[in-house]
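Visitor: Chains as they are written, first to last, in the numbering used here: chain A, 4 to 229; chain B, 18 to 110.
Incorrect hints may have been included.
To be verified - Ranges of calculated distance between the beta carbons of each label pair, as one might list FRET restraints: (1) 51(B) / 91(A): 35 to 45 Å; (2) 210(A) / 97(B): 44 to 54 Å; (3) 55(A) / 96(B): 13 to 23 Å; (4) 107(B) / 141(A): 52 to 62 Å; (5) 106(B) / 187(A): 26 to 36 Å; (6) 189(A) / 51(B): 11 to 21 Å; (7) 104(B) / 141(A): 49 to 59 Å.
Stated by the list, open to error - Negatives, chain A to chain B, calculated, CB over 10 Å: (8) 21; (9) 74; (10) 75; (11) 79; (12) 83; (13) 84; (14) 99; (15) 100; (16) 141; (17) 162; (18) 163; (19) 184; (20) 187.
Said to hold, decoys possible - To spell it out: a stretch of chain A is covered by chain B in this simulated footprint if at least three of its residues, at any positions, have a beta carbon under 8 Å from a beta carbon of chain B; those stretches are: (21) 24-37; (22) 54-65; (23) 123-134.
Hints in this document: simulated from the structure, not taken from any laboratory.
All C-beta atoms in this analysis are idealised placements derived from N, C-alpha and C, irrespective of residue type, glycine included.
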Amino acid sequence: MADGTQTRAGAADDAELVARLRLGDERAFATLVARYSPSMLRVARMYVSSQAVAEDVVQETWLGFLRGLDRFEGRSSLKTWLFRILVNRAITRGEREARSVPFSALDSGDEGDSPTVEADRFGADGAWLTPPRPFDQPEIRAHALELRGELRSALAELPERQRVVVTLHDVEGLGTDEVATLLGITENNARVLLHRGRAHLQATLAGYVDHGAGRNEPARGEDSST
Amino acid sequence: MTVLNFLGRGAPLSCRELVELVTDYLEGAMPARERRRFERHIAGCPHCTAYLEQLRTTLDVLGTIGEDDIEEPVREDLLAAFRGWHAERAGDA
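Could you put together the complete structure from these sequences and hints?
Guide: So this is what it looks like as structure tokens:
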């Protein structure tokens, strides 16, 4: 995963930014706000009823972060620290809104051991009958924007527990251990949710690619020949 | 198969079994022996290789769906709050 570096690369200078902001460097704070707020907004949005409330929660989180800054010793990553504050506040807000959503009460979808790939795609011996078609990488890159849109909507439709775990892990880049701690579940449970959510997203993407991403264009009058 | 078991390599995985293990594999949550069994299957199975590659691509795309910017007004409010926080702190010291 050649692109996986971008989230990790941020970790090194988080410490430096925190040091600078302790000295009152406003730009350091602005950088951190720009870096983490979009993630925080998306996560907050999973717990509260509207975008406006989610924005409030993110603001409160940053203020809480500043207030508690002297207690931040850099033992956990800044991101984990922020998300811990965020999730606590978002849950409190969600409860106040009577949208009481402890993670354990959310829809989990199927967490059993039913297969994530349709059983009829395999023969009696367990080998592929309908194997996956390898992705054509240049084609994938050419349609990156569309595919991103497809995945975004597919993600929104996942059962909630799967959606939260996939969002925190695969979109926001937290480790399974961090996700598990944050949500109060076991790492193993987090992986099961992750696995089921991912399998669904992969199937969506494969279905989309197989049916010809972009090949049906121009479908919505987007060509500019007018 | 008995010989393989005897050698401590475990029974070969079927494709159907393998697809349920991809997350454990990618998350490094597999004991070394299971991992070898997984990799042995992948090495000889172009279909499962394609499946795993599809998943990797899915994860690459997923990693990019969060890229958007925070609204300006929110940012301004926060920076104002930061100035307040810093002033108060400097006052305390």
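Visitor: Each hint: holds or not?
Guide: Hints versus structure:
1. 51(B) / 91(A): 35 to 45 Å: 37 Å, holds
2. 210(A) / 97(B): 44 to 54 Å: 47 Å, holds
3. 55(A) / 96(B): 13 to 23 Å: 20 Å, holds
4. 107(B) / 141(A): 52 to 62 Å: Holds, at about 56 Å.
5. 106(B) / 187(A): 26 to 36 Å: Hint holds: Cβ distance 33 Å, inside 26 to 36 Å.
6. 189(A) / 51(B): 11 to 21 Å: 19 Å, holds
7. 104(B) / 141(A): 49 to 59 Å: 54 Å, holds
8. 21: 13 Å, holds
9. 74: 14 Å, holds
10. 75: 14 Å, holds
11. 79: Since the minimum Cβ distance to chain B is about 20 Å, residue 79(A) lies beyond 10 Å and the statement holds.
12. 83: Correct as stated: the minimum Cβ-Cβ distance to chain B is 17 Å, above 10 Å.
13. 84: Fine: 17 Å to the nearest Cβ keeps residue 84(A) off the interface.
14. 99: Holds, since 21 Å exceeds 10 Å.
15. 100: The claim stands: residue 100(A) keeps its Cβ more than 10 Å from every Cβ of chain B (closest is about 20 Å).
16. 141: At about 12 Å from chain B, residue 141(A) clears the 10 Å cut-off, so the statement holds.
17. 162: 16 Å, holds
18. 163: 17 Å, holds
19. 184: 15 Å, holds
20. 187: 19 Å, holds
21. 24-37: Since three or more residues must qualify, the claim that chain B covers the segment 24-37 of chain A holds, with 7 doing so at under 8 Å.
22. 54-65: The restraint on the segment 54-65 of chain A holds, since 4 of its residues have a Cβ under 8 Å from chain B and three suffice.
23. 123-134: Since three or more residues must qualify, the claim that chain B covers the segment 123-134 of chain A holds, with 6 doing so at under 8 Å.
Against the hints set out earlier in the document, no violation occurs for any number.
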